[in-house]
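Sequence lines, in order, name chains A and B.
Residue numbers for the first sequence follow my numbering, so the first one is 1 and each next one is one higher.
Residue numbers for the second sequence follow my numbering, so the first one is 199 and each next one is one higher.
Just so you know, these hints were derived from the structure itself, not from any lab.
All values derive from a computational prediction rather than experimental measurement.
Treat the hints with care, as some may be off.
Said to hold, decoys possible - Ranges between beta-carbon positions, derived for each pair: (1) Gln247/B / Lys73/A: 16 to 26 Å; (2) Glu348/B / Lys197/A: 55 to 65 Å; (3) Lys194/A / Arg274/B: 50 to 60 Å; (4) Arg242/B / Ile150/A: 29 to 39 Å; (5) Ile213/B / Tyr72/A: 44 to 54 Å; (6) Asp85/A / Thr222/B: 53 to 63 Å; (7) Ile213/B / Gly117/A: 49 to 59 Å.
Cβ coordinates follow ideal geometry from the N, Cα and C atoms, glycine included.
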Amino acid sequence: MTEKQDIDNEGQTDHFPFIQGENLELCAPNSKHAELYAKWKNDPIVRRYARNVIPRTLDEQKKRFESKQEKYKDHISFEIWHKKDKKPIGRIGLGWIDWVNGWANAYIWIGEKYYWGKNVATEATKLLIDYAFNELNLNKLHGGVAIENIGSWSVAEKLGFVLEGIEREEMYVDGKYLDNKTFCLLKEDWLKRKNNKN
Amino acid sequence: MVESKPRSVPFLEGINIDLCPPNTEHINLYTKWMNSPQIRKYARYEFPQNVEEVKKMFEPKQERVSSEIFFEIWHRDDEKPIGYTGLIRIRWFDRSAFLFYLIGETDYWGKGHATEAARLVVEYGFNELNLNKINAGIFAPNRSSVRVVEKNDFKHELTLKKEIYIDGEHVDALKYSILRKEWQSIKCEE
Chain A
1 MTEKQDIDNE GQTDHFPFIQ GENLELCAPN SKHAELYAKW KNDPIVRRYA
51 RNVIPRTLDE QKKRFESKQE KYKDHISFEI WHKKDKKPIG RIGLGWIDWV
101 NGWANAYIWI GEKYYWGKNV ATEATKLLID YAFNELNLNK LHGGVAIENI
151 GSWSVAEKLG FVLEGIEREE MYVDGKYLDN KTFCLLKEDW LKRKNNKN
Chain B
199 MVESKPRSVP FLEGINIDLC PPNTEHINLY TKWMNSPQIR KYARYEFPQN
249 VEEVKKMFEP KQERVSSEIF FEIWHRDDEK PIGYTGLIRI RWFDRSAFLF
299 YLIGETDYWG KGHATEAARL VVEYGFNELN LNKINAGIFA PNRSSVRVVE
349 KNDFKHELTL KKEIYIDGEH VDALKYSILR KEWQSIKCEE
């Protein structure tokens, strides 16, 4: 089982860990999992607060794997891999990377609902934060969360994100306008927190 | 050489200014504003833009519904373009957008033209585009821009800490917004 999962039918390596965590790995997205990613994006419950309001086709999803010309990405995404269960369970990444001003939006979705409420989002986000500050040299991360999406903003608070404010009627979900809690994490505060813990 | 008389094609009429569609004959002027050190500091154009790149911004696009709307600000008495304004990041599902405005001709600063332009765009956004919310993002040191949205009854919504890198340091940014219902109740009082 262990070896098999890493090898595809043609005997090629098929698992690309990029960041190692305790229970999770953040891996390069795998085009062979496009179907799974598309399933998550269209899932009525998963997409609710992720604001995927338009159906996504598998072809669109596949197109995302085509290599781009640009030298600097403004979007970096990972597959979240569950080490013990040996399978991808969601996506995480940085969108809207602003290299000049030094910030990005952090986003996450756990596509496999079985893993909701099991702390995987907290661990994955922690790995992403370290990557953003210590490898990419960003100064600040943003996280926007619908006010009713309690699971998500409790993760943000647990990791030291600070509430910047509330955006009124920011998004339209299930027939009504919802307020949005806007969180941020500055690198200096993240480092302070880490030092205090050590 | 015959001087061609400047043309104005008003789309929204104001008192001192009109808002017109972008005019490709004025691309050089737009490019000058975008590169000007004084202007771009708070407008956050961090990279030089050449005329061809700016021209490309105004080429007809494939998409049928736009996520950006651009107006030239035309000075009625002086018959010339003095800046631009409009809406970006229009999210049709959430019915929200971000307002932007820029007076490129510095002789026209401090005369209330940006405030009037913003008033026209907000009215257009709510009355014609059926938006629910209009936002404005402003860098904290840019006080004159804050006054423009405050005069238009926007409310302060967020202070984004150390959001923007200007002149060698990270400074705060502010987010202001006005909701359709707030704008309507102010209209009724008037």
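Okay, Lys194/A versus Arg274/B on CB: inside 50 to 60 Å?
-> Given a distance of about 59 Å, which is inside 50 to 60 Å, the answer is holds.
Could you tell me whether the CB distance from Ile213/B to Gly117/A stays inside 49 to 59 Å?
-> holds (58 Å)
Look at the Cβ atoms of Gln247/B and Lys73/A and judge whether their distance stays inside 16 to 26 Å.
-> holds (22 Å)
Okay, Glu348/B versus Lys197/A on CB: inside 55 to 65 Å?
-> At roughly 42 Å between Cβ atoms, Lys197/A and Glu348/B fall outside 55 to 65 Å, so the hint is violated.
With respect to the beta-carbon atoms only, verify the hint that Asp85/A and Thr222/B lie 53 to 63 Å apart.
-> The hint (53 to 63 Å, Cβ to Cβ) holds, given that Asp85/A and Thr222/B are roughly 58 Å apart.
Cβ separation of Ile213/B and Tyr72/A, checked against the hinted range 44 to 54 Å | For Ile213/B and Tyr72/A the Cβ distance comes to about 45 Å; the hint holds.
Honestly, do Arg242/B and Ile150/A meet the 29 to 39 Å range at C-beta?
-> Holds - the Cβ-Cβ distance for Arg242/B and Ile150/A, about 34 Å, lies within 29 to 39 Å.
Hint violations for this structure: number 2 only, all remaining hints satisfied.
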